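*Asks:* So the protein sequences, as listed, match chains A and B. Residue 1 is where the first sequence starts when you use this note's numbering, and the numbers rise one by one after that. Residue 1001 is where the second sequence starts when you use this note's numbering, and the numbers rise one by one after that.
No lab work stands behind these hints: they were computed from the structure. Each statement offered as a hint is correct.
Heads up, simulated BS3-like pairs for lysine-lysine below, C-alpha to C-alpha not over 30 Å straight-line:
no., chain 1, residue 1, chain 2, residue 2
1, B, K1262, A, K294
2, B, K1043, A, K274
3, B, K1025, B, K1172
4, B, K1262, A, K112
5, B, K1078, A, K274
6, A, K197, A, K134
7, B, K1262, A, K274
8, A, K117, B, K1043
9, B, K1262, A, K212
10, B, K1262, B, K1028
11, A, K120, B, K1262
12, A, K29, A, K42
13, B, K1028, A, K274
14, B, K1151, A, K274
15, A, K274, A, K226
16, A, K226, A, K205
17, A, K117, B, K1262
18, A, K212, A, K226
Just a few of them, taken from the derived set where beta-carbon distance is under 7 Å, the chain B residues facing chain A:
no., residue
19, Q1004
20, Y1007
21, G1251
Computed from a predicted structure; not experimentally measured. Glycine included, each C-beta is placed from N, C-alpha and C at the ideal position.
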Amino acid sequence: MNNYKLITKQNLHSFFDALQPKNTIIAPKEINKKYYFKPVDKFEDIALDYIQTVLSAKSVLFPRSDTLFNYHRADGDYNIDEPSPIEKNTIVFGMKPCDASSFVYLSNFFLKDYQDKNIKERLEKLYIISLSCKEADNACFCTSVGSNPASTKGSDLNLTLIENDTYYVEVVTEKGQELINYSADLFQDTKEIDKSKYIANVPQKFDVEQAKQNIDSIFESPLWVKDSLACLGCGICAYACPTCTCFDIQDIGSQFNGSRVRNWDSCAFDLFTKHASGHNPRPVQSQRWRNRIKHKFEYSVENLGLISCVGCGRCIRSCPTSMNIVKTVQIFQGV
Amino acid sequence: MNSQNIYLPYKMRIEKITEEAPMVKTFKLAFVNPEDESNFEFKTGQFGEYSVFGAGESTFCIASSPTHKGYIECTFRKAGKVTTALYNCEEGDIIGFRGPYGNNFPLEDWEGKSVLFIAGGIGLPPVRSVIWNCLDLRDKFKDITILYGAKTVQDLVYKNELEEWAKRPDVKLITTVDPGGETPDWKGEVGFVPSILKKASPKGENAVAIVCGPPIMIKLTLPILLEIGFTEESIFTTLENRMKCGIGQCGHCAVGPYYVCKDGPVINYADLQLLPVEY
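Excised from the complex, chain A in its bound form (with noise of 0.2 Å):
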């Protein structure tokens, strides 16, 4: 549904002010030089000039802690319950485009077979206001798994900076027309212009579908051995990673109260896969980098027609013996 128009920063300061008091505001906030998605009451609280945040802000969707439900003990039975949907709507204001498209992705993933239903409460009062990239680091990797710096896919809306002052609008979704129309009149309609002399320039590092070949065919390599020697097992990379959907499910509390919650897992993990007879299908290091690797480049695809990897790059920046998913990608490639 494109549409298009233009907005100044002042402007668009009036147009938080406009969102912020029957929304919930989630912005890139800075703490310590680095940036992470906080609620925000302010507008000059926002962080407009980021690369990227540590983690994604996958959390408004599926946090880190999910409770399933609580329960309680009375009179030798539990009575259940299941926590209160949530009132008022999220707005993820200043999201990069790599992000948002994860947002694709996950909806995709939870409400494919079973609708999640905290997923899918959480998703109908979801906005997304992204931000095209100005600058992007060596991490960096969207313009190689099918983005771009500008990308709409996913957003309601999105913001390019064109001038020192003025924003480049796209209207993308309905959901967009919908925030728009809280202050229509902050905003001043305009034709379709070329983003790209706006954006930042991130190299292309590998022909997906190309090294996908080689993905996809080769499983017992000593490839994956040696590209995985450095890998910890910690973790990070899933924790960081906007589209890592792999949970566990825990009980908290004691017999007598408490709450079922999900939390976020990974596959990195030696526990992850462990039988309780201490049989483990995936018993090495090795075994586990490579179904990440395959997860995000050929079973994703093959079960959802997606990759399920965004060109963020977080897990080459957190990761802390310096796995980077890009050199893997690109030695499958080579081959």
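Since the structure of chain A is already known, use the hints to place chain B on it.
*Replies:* This is chain B only, laid out in the frame that chain A set:
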């Protein structure tokens, strides 16, 4: 049960606890809410998530047959946090159950055929559900043979049912224990399941085999089944990967693009060979 939040469990009352073997118990579970019971249906081979509130959930098959209405049974070995909490439960206690999940054994395809059941140790519970299901529809199948082995006589589960099957003229039961696991009055075979299978050599023509047990038993049993005439499509097993959600989302049980919980757990040998060996 709310149809949307799939993580809400049915509340089940433990009606009866049977001590099967060291550290192995069977629970007979009844639905606390009658409407849950009337809405509940499952097929043989499906599994569920059993939970002790405060300890968490654990995955086991439904060990009873769908032909036995009004209750379900599960059999488990005390191994980790949740199974220890279950093990410590008493009759009358309330636990959680959600399910059924996964696919099932295709009994309708087996009509008119002989059925060979092969189980090792704690691999009998999923097979027991199919055994009773077939026995309750006995006319639909030809010969029914059960080969069951355990490490020791003590480790054999469902001892009463083994006696019952042994007495039935329409069932051929072979029980075996590993060498050294026998007692002075043991009347069954002594030897590992694959060699006892070879000795018995039931016919593979117009027959299906259901195999469940430790990975090593399965690995050594499969070639013998092929030798005696079973085809890759007529050999079924049920995979037992670690699971959390049961609905193809948590990722734990994934074997390549295949989710044991939703694409399995029942799989024939032909399809099994298409998967990476991560089970």
